[in-house]
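**Student:** Given next are the chains, with one letter for each unit.
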Amino acid sequence: MSLFLEYAPRDTPYHRLHPITKLIITLALVILTGLYWDVRFLLLILVIGLLLSYLARVPIKWFLAIVAVLIAEIPLVVIGVLTQANPLLFKVYPREFVSREIFTATLPLIGRVGLTWGGLLWGLAYELKIPILLLCFYPLIYSTSFNDLVNSLSRYNMPYQLLYVLMVAYRFVPFIVRETTTIMTALRLRGWEISSKNPKIVLERGSSLAYTLTRVFVKTIDEVNIAARIRAFGASKYTPVRYMEMSALDKLLSITSLALFCLAVYLLFAHNIGMI
Amino acid sequence: MSYAIEIRDYSLTYLGASKKALKNINLKVKQGEIIGIVGPAGAGKTSLLLSLNGIIPNDIPAIQEGSIVVNGLNVMEHDVPELAKHVGVVLENPDIQLLSATVYDDVAFGPCNLGLSRDEIINRVEKALEVTGLKGKELRNPLQLSGGEQQRLAIACILAMDPPIIAFDEPLSMLDPAGKEDVTRFLKSLVRERDRTVIITESGPDLEYTLPYFDRLVAMKDGEIVAEGYPEELIESGVLEKIGVGEPQATALLRKLASSGYSVKPTASVESAALQLSKLLEERSPVDARTAFDEGETHTHGNVILRMENVWHVYPGGVEALKGVSLEVREGEMIGLVGNNGSGKTTLCMHAVGVLKPTNPEGRVLVMGRDTRTMKFREIIRYVNYVYQLPDHMLFQEKVEDEVAFGLKMLGFAPEDARKIVNETLKIFDLERYRDSYIMYLPRTVKRLVSLACVVALKPRLLLVDEPTTGLDRGMSEKVMSILEKLNREEGMAIVVVSHNMELIAKYCRRVIVMSNGRILADGPTRQVFANEEVLSRAGLRPPQVMRLFKAVPQLAGYPVLSVEEALKILCSRGE
Numbered sequence: 001m002s003l004f005l006e007y008a009p010r011d012t013p014y015h016r017l018h019p020i021t022k023l024i025i026t027l028a029l030v031i032l033t034g035l036y037w038d039v040r041f042l043l044l045i046l047v048i049g050l051l052l053s054y055l056a057r058v059p060i061k062w063f064l065a066i067v068a069v070l071i072a073e074i075p076l077v078v079i080g081v082l083t084q085a086n087p088l089l090f091k092v093y094p095r096e097f098v099s100r101e102i103f104t105a106t107l108p109l110i111g112r113v114g115l116t117w118g119g120l121l122w123g124l125a126y127e128l129k130i131p132i133l134l135l136c137f138y139p140l141i142y143s144t145s146f147n148d149l150v151n152s153l154s155r156y157n158m159p160y161q162l163l164y165v166l167m168v169a170y171r172f173v174p175f176i177v178r179e180t181t182t183i184m185t186a187l188r189l190r191g192w193e194i195s196s197k198n199p200k201i202v203l204e205r206g207s208s209l210a211y212t213l214t215r216v217f218v219k220t221i222d223e224v225n226i227a228a229r230i231r232a233f234g235a236s237k238y239t240p241v242r243y244m245e246m247s248a249l250d251k252l253l254s255i256t257s258l259a260l261f262c263l264a265v266y267l268l269f270a271h272n273i274g275m276i
Numbered sequence: 001m002s003y004a005i006e007i008r009d010y011s012l013t014y015l016g017a018s019k020k021a022l023k024n025i026n027l028k029v030k031q032g033e034i035i036g037i038v039g040p041a042g043a044g045k046t047s048l049l050l051s052l053n054g055i056i057p058n059d060i061p062a063i064q065e066g067s068i069v070v071n072g073l074n075v076m077e078h079d080v081p082e083l084a085k086h087v088g089v090v091l092e093n094p095d096i097q098l099l100s101a102t103v104y105d106d107v108a109f110g111p112c113n114l115g116l117s118r119d120e121i122i123n124r125v126e127k128a129l130e131v132t133g134l135k136g137k138e139l140r141n142p143l144q145l146s147g148g149e150q151q152r153l154a155i156a157c158i159l160a161m162d163p164p165i166i167a168f169d170e171p172l173s174m175l176d177p178a179g180k181e182d183v184t185r186f187l188k189s190l191v192r193e194r195d196r197t198v199i200i201t202e203s204g205p206d207l208e209y210t211l212p213y214f215d216r217l218v219a220m221k222d223g224e225i226v227a228e229g230y231p232e233e234l235i236e237s238g239v240l241e242k243i244g245v246g247e248p249q250a251t252a253l254l255r256k257l258a259s260s261g262y263s264v265k266p267t268a269s270v271e272s273a274a275l276q277l278s279k280l281l282e283e284r285s286p287v288d289a290r291t292a293f294d295e296g297e298t299h300t301h302g303n304v305i306l307r308m309e310n311v312w313h314v315y316p317g318g319v320e321a322l323k324g325v326s327l328e329v330r331e332g333e334m335i336g337l338v339g340n341n342g343s344g345k346t347t348l349c350m351h352a353v354g355v356l357k358p359t360n361p362e363g364r365v366l367v368m369g370r371d372t373r374t375m376k377f378r379e380i381i382r383y384v385n386y387v388y389q390l391p392d393h394m395l396f397q398e399k400v401e402d403e404v405a406f407g408l409k410m411l412g413f414a415p416e417d418a419r420k421i422v423n424e425t426l427k428i429f430d431l432e433r434y435r436d437s438y439i440m441y442l443p444r445t446v447k448r449l450v451s452l453a454c455v456v457a458l459k460p461r462l463l464l465v466d467e468p469t470t471g472l473d474r475g476m477s478e479k480v481m482s483i484l485e486k487l488n489r490e491e492g493m494a495i496v497v498v499s500h501n502m503e504l505i506a507k508y509c510r511r512v513i514v515m516s517n518g519r520i521l522a523d524g525p526t527r528q529v530f531a532n533e534e535v536l537s538r539a540g541l542r543p544p545q546v547m548r549l550f551k552a553v554p555q556l557a558g559y560p561v562l563s564v565e566e567a568l569k570i571l572c573s574r575g576e
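One line per chain: the protein sequences are A and B, in this order. Per my numbering, residue 1 is the first one in the first sequence, and the count goes up by one each step. Per my numbering, residue 1 is the first one in the second sequence, and the count goes up by one each step.
Just so you know, these hints were derived from the structure itself, not from any lab. Bear in mind the structure is a predicted one, so any value in this text is a computation, not a measurement. Note that the Cβ used here is the ideal one computed from N, Cα and C, for glycine as well. Treat the hints loosely; a few may be bogus.
Derived pair list, reagent style DSSO-like, types lysine-lysine, alpha-carbon separation capped at 27 Å [claimed, not checked]:
#1 B/Lys409 to A/Lys200
#2 A/Lys61 to B/Lys479
#3 B/Lys323 to A/Lys61
#4 A/Lys61 to B/Lys376
#5 B/Lys23 to B/Lys221
#6 B/Lys551 to A/Lys200
#7 B/Lys569 to A/Lys219
#8 A/Lys91 to A/Lys61
#9 B/Lys569 to B/Lys20
#10 B/Lys420 to B/Lys357
#11 A/Lys61 to B/Lys19
#12 B/Lys135 to B/Lys28
#13 B/Lys20 to A/Lys219
#14 B/Lys188 to B/Lys135
#15 B/Lys420 to B/Lys479
#16 B/Lys323 to B/Lys357
#17 B/Lys188 to B/Lys265
#18 A/Lys200 to B/Lys399
#19 B/Lys427 to B/Lys409
#20 B/Lys127 to A/Lys237
#21 B/Lys137 to A/Lys197
#22 B/Lys357 to B/Lys242
#23 B/Lys376 to B/Lys20
#24 B/Lys376 to B/Lys409
#25 B/Lys256 to B/Lys551
#26 B/Lys30 to B/Lys19
#27 B/Lys479 to B/Lys242
#28 A/Lys219 to B/Lys399
#29 B/Lys569 to B/Lys256
#30 A/Lys197 to B/Lys486
Some but not every residue of chain B turned toward chain A, in silico, with C-beta under 7 Å [said to hold, decoys possible]:
#31 Ile63
#32 Val69
#33 Leu73
#34 Met76
#35 Glu82
#36 Asn123
#37 Tyr209
#38 Leu327
#39 Glu331
#40 Tyr386
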């Protein structure tokens, strides 16, 4: 059983693809997720992400994190939605439409706030972006070992400093997930609860978690760094232990993904397709 | 003569530190020698090891004086990756050294960085896996291996790089007894090959495992080498005891007998100690063991604090961590919970504090008679609490005083009451002088005390402590256990110590629970459980060395002693 955000050696159609092909597909989806603001296009990427996750047989429990992110984002998105009223930011929808109010309310201390169609569209896109970004990485992380990725990238003369950053990220993320769970349990054992009606208390209690996590983050980076250097990382050019050749399917998928990505970027910038 | 390692007048001061971590170290190590560096926590053992491969000062900034030449290279003129070809270092905690997603890839990672041919890399990986007994586990995730396997993997990773010098930093300290045996067996084969120079550091608790393999022993304290020589010489001189490392139980027993006028010589070998005792006892008559044993184990205890009834726990993914566990813990009990890694000890503790709930509907965990399923978490932790193995997981504040007060504040204690409890707790743990110290800069030993103090301040009726002595030297381990015993005796706090240190469990706990594979194999008075070799071996455990020593002496085989003190009573009273 693999841990959250950790590779698992399995024999799935997605596992069998070349790491570079998977990297191209992932980066294309990630960049497009960052660029698109039209919910329909983001939903299309969501469907592709889910399909790839299915092909890689990503464990169902990983999707709980996406649900958690969707929920955690809500307060931030609500604030953004209520303050996102500048019609000049919208390129596709008519300014009269995006400025049209759906409802208004007067809040104590803050004054009048309103929800516009533009704010709603922006909010929906914003709400979807981070979970989709996470989803796009799932199939790659679950189906590609760090060493296969490094082996493949080093064949294309990727500088070791960049490989190093990748390595730290790969090792670091699952470790931090485990550490966070442990630290939160340890906090609860001392009576800590993050939930409170008083935002000052929430902030104060959150800082205990943040302080400990920061300390553990820094320590972990140090330890991973030392562990890698003890193993002579950077002493010579990295020699891949396995040569993975790209199959015809890998080449086809890589070229198709790149072509579609270029087309999508062209349509986005030249014709605002994917913008709101 | 050329040396594998030549250290001359080497001193080291960490950046920002006011005093030297290493002082004027002079050490020469011959090719193929097996050197043991022993010293209490803070003696400078790890600093010395990390200086050999350039981690200090390249990654941990420090000011160095003197010189270190390793395999003909001046360490100060080369970077870590270059030195890694000559000196392999296996760090204390195997968990953090494993970088890849599979065992095979992890072992291959080092050789891949050395500019070797692909065939050579594959050869080296295959050989390292073979030697360390990891063949067949190539596709396993390193993080899901047992502690012993992880340590062997960390060793395989270094072996595959084929450095002529390998340094092990406390290779056994994080392992359960089965893991210790496992790694010791491997070290034995490494030593037999005799084609490498090996350095092993040790702070005391595992000396009985490592001592037989050393050609030479270097004793360190406060950053200095205080003695150096053949192991038997140093043992005889009593220097290990003097520097606070302590001695294996067999050695300590013979030393005490010798100082009482008996004709024996301290030794590290159980076989030699058994022979000496056997000879000593040839003409003496046995005594009634009951006169020697403290029968405190028959004490009755107070009310039930924790009761588990047929508790099963299955993790998502199907791993059965607990399989029908039932037990009771009463007020005033001091219990040792032992078992190999993965036996379910931590899962059991997590149930006791309500972090986990039984996955079978009929399974129940009752705290003060109430089912944890119906209790709020904040209620449970007032009665039962848990101290993690690694203090870093449970230190959330900057200063010691704030840390001890943290839980009290969270639970809504009035500031005056909280202050009073904090003062009392700091006194119990002898932490008053650290009150305003920044936790981040405290040594590991003090952090361990702080982590205990901050939970004890909440005054739970039952305290579960996970590996309270891991990484501590003997002196500090005794101090921690004495404090726990005092809390148990004077405050009536029930204590469950989860530990791999059988000596400490035998000495301080009156009841022992043995777990294996999610089940309780034995639960009873310490002497009775430790005398049951069959059960212990099923759980991958072994009794304390002094008990094994007595078993090896025909005249003493019927006396299941738990500590050196008990053994002395038996031996000194014989024939009187």
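**Student:** Now, for every hint given, state plainly whether the structure supports it.
**Tutor:** Hints, one by one, checked against the model:
| no. | hint | verdict |
| --- | --- | --- |
| 1 | B/Lys409 to A/Lys200 | holds (15 Å) |
| 2 | A/Lys61 to B/Lys479 | violated (44 Å) |
| 3 | B/Lys323 to A/Lys61 | holds (24 Å) |
| 4 | A/Lys61 to B/Lys376 | holds (26 Å) |
| 5 | B/Lys23 to B/Lys221 | holds (10 Å) |
| 6 | B/Lys551 to A/Lys200 | violated (64 Å) |
| 7 | B/Lys569 to A/Lys219 | violated (48 Å) |
| 8 | A/Lys91 to A/Lys61 | violated (38 Å) |
| 9 | B/Lys569 to B/Lys20 | violated (44 Å) |
| 10 | B/Lys420 to B/Lys357 | violated (35 Å) |
| 11 | A/Lys61 to B/Lys19 | violated (51 Å) |
| 12 | B/Lys135 to B/Lys28 | violated (36 Å) |
| 13 | B/Lys20 to A/Lys219 | holds (23 Å) |
| 14 | B/Lys188 to B/Lys135 | holds (19 Å) |
| 15 | B/Lys420 to B/Lys479 | holds (24 Å) |
| 16 | B/Lys323 to B/Lys357 | holds (13 Å) |
| 17 | B/Lys188 to B/Lys265 | holds (25 Å) |
| 18 | A/Lys200 to B/Lys399 | holds (21 Å) |
| 19 | B/Lys427 to B/Lys409 | holds (19 Å) |
| 20 | B/Lys127 to A/Lys237 | holds (23 Å) |
| 21 | B/Lys137 to A/Lys197 | violated (51 Å) |
| 22 | B/Lys357 to B/Lys242 | violated (48 Å) |
| 23 | B/Lys376 to B/Lys20 | violated (50 Å) |
| 24 | B/Lys376 to B/Lys409 | holds (18 Å) |
| 25 | B/Lys256 to B/Lys551 | holds (19 Å) |
| 26 | B/Lys30 to B/Lys19 | violated (31 Å) |
| 27 | B/Lys479 to B/Lys242 | holds (16 Å) |
| 28 | A/Lys219 to B/Lys399 | holds (18 Å) |
| 29 | B/Lys569 to B/Lys256 | holds (11 Å) |
| 30 | A/Lys197 to B/Lys486 | violated (41 Å) |
| 31 | Ile63 | violated (19 Å) |
| 32 | Val69 | violated (19 Å) |
| 33 | Leu73 | violated (13 Å) |
| 34 | Met76 | violated (16 Å) |
| 35 | Glu82 | holds (6 Å) |
| 36 | Asn123 | violated (11 Å) |
| 37 | Tyr209 | violated (24 Å) |
| 38 | Leu327 | violated (21 Å) |
| 39 | Glu331 | violated (20 Å) |
| 40 | Tyr386 | holds (6 Å) |
Checked against the numbered hints given earlier, this structure breaks hints 2, 6, 7, 8, 9, 10, 11, 12, 21, 22, 23, 26, 30, 31, 32, 33, 34, 36, 37, 38, 39; the rest are met.
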